[in-house]
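> Starting from the given sequences, assemble the full structure and let the hints guide the process.
One letter stands for each residue in the lines below.
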Amino acid sequence: MKIGLFVPCYIDALFPETGIATLELLEKLGCEVAYPAEQTCCGQPMANSGCQEDAAGAEAHFVRCFQDFDTVVGPSASCVNHIRYNLDAIEQTPETRKVRTVTRELIEFLHDDLKVTAFPWAMFPHKVGLHNSCSAVRKLGHVRPSELVYQPHFSKTEDLLKHVQGVELIEIDRPDDCCGFGGSFCVTDEAVSAKMGYDRVQDFHRHGAEYIASADMSCLLHMKGVIDRLKLPMKVIHLAQIFNGGPL
Amino acid sequence: MTRAVDPEGRAERFIALEEHEATHDRLVWGMRQHRDQAVAAVPEWEQLRELASQIKEHTLTHLDQYLEQFEQNATKLGTQVHWARDAEEHNAVVYNILQSHGAKSLIKSKSMLQEECGLTPYLQKRSIEVTESDLGERIQQLSNEPPSHIVVPAIHKLRSDVAELFAKELGTDPTNTDPHYLTESMRNNARPRFLAADAGMTGANFAVAETGGFVVCTNEGNADIGASVPPLHVASIGIEKLIPRVRDLAIFIRMLSRSALGWPITQYTSHFHGPRRGGELHVVLVDNTRSERLGSPDFWHALKCIRCGACMNTCPVYRRGGGLSYGATYSGPIGVILDPGFDLRKYRELPFHSSLCGSCTEVCPVKIDISEQIYKWRRVVVGNGLLTITKRVGMTALGATLSHSTLFHAAESVGETALKILPRAVLYNPFNPWGKHREMPTVPRQTFRQWYLENRRKP
Numbered sequence: 002m003k004i005g006l007f008v009p010c011y012i013d014a015l016f017p018e019t020g021i022a023t024l025e026l027l028e029k030l031g032c033e034v035a036y037p038a039e040q041t042c043c044g045q046p047m048a049n050s051g052c053q054e055d056a057a058g059a060e061a062h063f064v065r066c067f068q069d070f071d072t073v074v075g076p077s078a079s080c081v082n083h084i085r086y087n088l089d090a091i092e093q094t095p096e097t098r099k100v101r102t103v104t105r106e107l108i109e110f111l112h113d114d115l116k117v118t119a120f121p122w123a124m125f126p127h128k129v130g131l132h133n134s135c136s137a138v139r140k141l142g143h144v145r146p147s148e149l150v151y152q153p154h155f156s157k158t159e160d161l162l163k164h165v166q167g168v169e170l171i172e173i174d175r176p177d178d179c180c181g182f183g184g185s186f187c188v189t190d191e192a193v194s195a196k197m198g199y200d201r202v203q204d205f206h207r208h209g210a211e212y213i214a215s216a217d218m219s220c221l222l223h224m225k226g227v228i229d230r231l232k233l234p235m236k237v238i239h240l241a242q243i244f245n246g247g248p249l
Numbered sequence: 011m012t013r014a015v016d017p018e019g020r021a022e023r024f025i026a027l028e029e030h031e032a033t034h035d036r037l038v039w040g041m042r043q044h045r046d047q048a049v050a051a052v053p054e055w056e057q058l059r060e061l062a063s064q065i066k067e068h069t070l071t072h073l074d075q076y077l078e079q080f081e082q083n084a085t086k087l088g089t090q091v092h093w094a095r096d097a098e099e100h101n102a103v104v105y106n107i108l109q110s111h112g113a114k115s116l117i118k119s120k121s122m123l124q125e126e127c128g129l130t131p132y133l134q135k136r137s138i139e140v141t142e143s144d145l146g147e148r149i150q151q152l153s154n155e156p157p158s159h160i161v162v163p164a165i166h167k168l169r170s171d172v173a174e175l176f177a178k179e180l181g182t183d184p185t186n187t188d189p190h191y192l193t194e195s196m197r198n199n200a201r202p203r204f205l206a207a208d209a210g211m212t213g214a215n216f217a218v219a220e221t222g223g224f225v226v227c228t229n230e231g232n233a234d235i236g237a238s239v240p241p242l243h244v245a246s247i248g249i250e251k252l253i254p255r256v257r258d259l260a261i262f263i264r265m266l267s268r269s270a271l272g273w274p275i276t277q278y279t280s281h282f283h284g285p286r287r288g289g290e291l292h293v294v295l296v297d298n299t300r301s302e303r304l305g306s307p308d309f310w311h312a313l314k315c316i317r318c319g320a321c322m323n324t325c326p327v328y329r330r331g332g333g334l335s336y337g338a339t340y341s342g343p344i345g346v347i348l349d350p351g352f353d354l355r356k357y358r359e360l361p362f363h364s365s366l367c368g369s370c371t372e373v374c375p376v377k378i379d380i381s382e383q384i385y386k387w388r389r390v391v392v393g394n395g396l397l398t399i400t401k402r403v404g405m406t407a408l409g410a411t412l413s414h415s416t417l418f419h420a421a422e423s424v425g426e427t428a429l430k431i432l433p434r435a436v437l438y439n440p441f442n443p444w445g446k447h448r449e450m451p452t453v454p455r456q457t458f459r460q461w462y463l464e465n466r467r468k469p
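Quick mapping for you: the protein sequence lines, in order, are chains A and B.
Just remember that my numbering sits 1 ahead of the position in the first sequence, which is counted from 1.
Just remember that my numbering sits 10 ahead of the position in the second sequence, which is counted from 1.
Calculated directly from the structure, the hints in this document are not laboratory data.
Mixed in with the good hints, there may be bad ones.
[Claimed, not checked] If you want a taste of the chain B side facing chain A, the calculated C-beta under 8 Å gives, among others:
no.	residue
1	37
2	367
3	413
On a predicted model such as this, the values are computed, not experimentally measured, just so you know.
Every residue gets a Cβ at the ideal spot worked out from N, C-alpha and C, and that includes glycine.
In structure tokens, the structure reads:
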């Protein structure tokens with residue numbers, strides 16, 4: 002099985018280590034991975050603002066880049082959510098439908114498809130606070146959403162982290178409250194967004210987290226901005242880097 | 011042209027009142043936690059949601075029949091049924107009823123529909139004295155503010171705000187913030203008005219087609235005093251409040267207060283079947299854009315709403331910015347999807363006052379796809395050319411850049427260079443909203459793509 006590696010635009014530009022970790026991890030797990038170097042973006046930033054016409058170009062380009070792969074894997078729940086449920090600014094050709102169907106988010110690919118039960122190379126002796134993003138929780142189903150408290154608890158991310166030596170998961174007060182990033186929301190609704198970010202980061206800090214770990218680098222980008230401003234002794238890390246054992 | 015409300019600016023001003031924001035977030039989140047505890051104790055909750063949703067969808071898709079059935083049965087009970095196409099007609103009908111009885115004073119229990127119609131200012135202009143009988147709603151009335159929450163209208167206020175307001179309006183001690191003292195003072199002030207009122211008005215939570223009766227849920231019993239003391243009772247009912255059968259109430263009543271406050275049931279669940287002896291009961295069935303919404307494939311599900319407020323309690327944006335930031339009758343996520351249906355120009359910013367976290371959809375007891383509708387309203391705003399110019403220009407440029415790999419990769423290097431060389435003062439200026447409360451990201455030595463081409467691509 003040849004896998005197309007999707008590295009979202011902001012990860013490419015700002016967090017190459019997350020892309021590297023995803024690539025190396027998939028290779029360690031025996032996957033054959035190719036990275037179409039002409040890829041840019043899935044179209045989400047424009048579509049989330051309601052700008053379908055502006056999203057169409059990026060969406061069409063995305064489909065062209067990945068239409069020849071049987072599986073596409075990307076380390077971002079919000080982008081995969083867009084591709085799977087919202088990539089409809091362009092005609093739904095067989096190619097488009099195929100790309101939308103075969104695109105997998107990294108956690109679900111590891112947990113549901115590869116059914117990984119060990120990361121023997123990984124070691125992360127830290128107190129980790131898990132930030133499951135809104136897309137991961139409520140769209141892709143990584144974790145039982147806190148609203149569905151009457152259903153049995155499950156967490157694919159926690160299941161996977163159990164296979165990493167040294168990880169000590171901490172609990173926080175509001176397990177899946179939004180961090181306030183929200184795409185362009187973080188600048189158009191600055192005051193609310195920042196307050197959400199401050200509350201979220203303080204929740205992790207109050208409970209002694211050394212790291213905030215997530216499957217979504219965009220949330221981590223936001224929370225890192227808050228951590229750095231407040232000069233808190235915490236770091237952010239993408240789960241791919243923990244599973245891969247680096248780069249940190 | 012209608013001026014758009016500015017939810018972002020209003021929210022920013024609320025957040026700047028630090029104690030207000032912190033208290034509001036704590037109290038509103040507390041309601042969400044109580045809701046969680048209450049629904050966790052109902053193993054069949056998901057089944058109830060599905061049933062409630064199906065009953066509402068069935069009723070809405072057969073609304074003409076159920077409305078006529080309701081009218082017939084209500085009339086048999088001696089209720090006088092009126093129809094109102096819009097807010098103006100509703101207000102005129104109510105005023106005519108009051109006038110024909112020579113009514114000069116009115117007590118009202120909380121009704122979002124009457125808020126929606128602007129009934130109180132309409133009647134006050136015509137010299138009718140209107141007194142809200144719900145404590146929170148009375149606080150809002152005395153403050154000249156709309157309700158900030160559909161269940162707890164004054165939740166954005168501190169006790170000290172209420173003490174100050176009552177000192178001014180009722181002559182109480184401004185330094186005494188004890189809730190018992192304040193409530194007692196309001197009771198003593200309001201009760202004589204209740205007893206002397208010429209007419210009482212309520213809304214309705216549910217109207218039952220098979221009986222012609224309707225149900226009003228309150229926690230203060232205030233609807234009952236309005237319906238029982240004056241000889242005239244007028245109820246405003248949105249046409250979406252219909253349910254087919256009495257037995258359907260068994261589902262909705264179980265869900266309403268659990269979703270709202272985490273209580274098994276409201277303190278008072280009052281059923282009205284025709285006028286009481288010697289009195290008159292009037293029902294005004296109001297459309298006011300509901301029929302239009304019913305015809306919208308994307309948005310008709312919003313009519314299932316039972317006004318529990320669960321979506322507001324869970325909403326991280328609502329909790330921080332407060333209900334008044336929406337500048338509309340309905341606030342929170344449900345407001346974001348209802349208000350633009352009344353006036354798209356005025357409420358065009360509301361769909362962007364959301365991080366699209368999706369929690370509202372999950373807590374909704376009648377399974378309205380609230381978050382998905384917020385997303386779709388954004389498209390409607392853009393499709394009508396109403397997106398703010400700054401957002402619009404940014405998105406066109408971004409869309410164009412991201413459609414072409416060469417443009418994107420060129421932009422990446424420009425962006426990085428800018429971040430590396432521009433001094434802090436430029437990046438953290440007031441025009442860069444990110445930098446106001448957050449540090450900019452540091453820029454890596456190379457992009458992933460550059461790393462990949464260097465390390466993995468064979469020459």
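> All hints are to be evaluated individually against the structure, with a verdict given for each.
Results for each hint:
With a cut of 8 Å, the hint placing residue 37(B) at the interface with chain A is violated, because the nearest CB-to-CB distance is about 14 Å. Satisfaction of the interface hint for residue 367(B) is found here, the shortest Cβ-Cβ separation to chain A being roughly 4 Å, below the 8 Å cut-off. Below 8 Å, beta-carbon pairs count as interface contacts, and residue 413(B) has one with chain A at about 3 Å; its hint therefore holds.
Violated hints amount to a single one, hint 1; each of the other numbered hints is respected by the structure.
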